[in-house]
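Asks: The chain contents come next:
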Amino acid sequence: MEEYIREPCPWRIVDDCGGAFTMGAIGGGVFQAVKGFRNAPAGIGYRLRSGANAVRVRAPQIGGSFAVWGGLFSTIDCGLVRIRGKEDPWNSITSGAMTGAILAARSGPLVMVGSAMMGGILLALIEGVGILLTRYTAQQFQNAEDPSQLPPKDRGLGL
Amino acid sequence: MAYNQIVRALRRSLQQKYRATQVGYLVHTHRTVSTVVSMPTFHRRTEAPISLLPTLCCINQANTARCFSVDFRLRNKISSGDRDKSVSRFQGGSPASSAAQKVKNAGRDFTYLIVILVGLGVTGGLLYVVFQELFSSSSPNKVYGKAFNIVKSNPEVIGAFGEPIKCYGETTRRGRRQQVSHMEFQKDGLKHLRLKFYIEGSEPGLKGTVHSESKENVETGKYEFRYIFVEIDTYPRRTIVVEDNR
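Chains as they are written, first to last, in my numbering: chain A, 1 to 159; chain B, 1001 to 1246.
Calculated from the structure, these hints are not laboratory results.
Heads up, some of the hints might be wrong.
Stated by the list, open to error - Derived DSS-like pairs (lysine-lysine); straight-line CA-CA distance at most 30 Å:
#1 B/K1166 - B/K1222
#2 B/K1146 - B/K1104
#3 B/K1222 - A/K35
#4 B/K1102 - A/K35
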């Protein structure tokens, strides 16, 4: 565990932006390669060329939209951390919903609400995975150490 | 992806429902092209002649989305070269293939159904976990919030750390600090919950670790704090006892 790590918050925005771009570019690249390969005239040469072309055209676009999402999400998240002074799963869920709403702002309020719900649910799912992981690791720690020996450790409380 | 599959499955069921009427209609108007009867699925790769296109498009527009018919027309234009070949292929097994086709379609629908059900199950399970964590009063997250509120309003802690106090949990690899390290255990038949989180105030370079333990109340079933204390981690180390109900 890194005790003396610096404050993650402003730097995390750049970090998330880049991570999201990478994720979108690689995932979108694979997806578009398969799509272009299948959606081409017969002949292996045409198929390969079509796949490569689809990747060239579409993968950066997908990466870019992922990056916009990640950057905006992280910015709102950091803002919420700053305002509330507390870090808990609510921050993620709220900022996911707000990101969805903001990015759909040009399509009208109804679409914004739908998009916000999608974002919130998506981030809630991700948080759920995180909570489950923590619970699982906590379970492991519990087996490792014996809880009944810990109370004497609270030396300041012996009075 | 899942959304696409759902849409596709819905579309297919719609088409199955309407196919009978379409086919009847087509056969009546265009006797020459009776091969259309055996078309397995209506969308994608339609081998219908160009003359049929307007009627097909009309039906299509009535049944499904508009963008669909555009797609259909494009495909038709492109694949008009190998049209005859495909038609002859389908002509061969028109009455016999229906049973096999049905089995095939049913199998595919069933696979999609299983995929959708598994997805829904996983989603529901994760949402249940999240809601339990966020709204149940005995979840570590709620206890964390309560403990932080008590710590935040303690004058000694404010004096040591400075006024706007913020709290966070364990830092993950991605710079998230939302998960609080906690441990649940049973002692004397009662559930105990032990939490550890960190606080920081406006004083630069000063960090504190908050330890707390709460015990389940027998009557109400809610958690009550046994102790909360703050350890200052930087050099003049000391311990501030915020609450001690032992």
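Asks: Hint numbers the structure violates, sorted upward?
Replies: The structure conflicts with hints 2 and 3, although it agrees with all the remaining ones.
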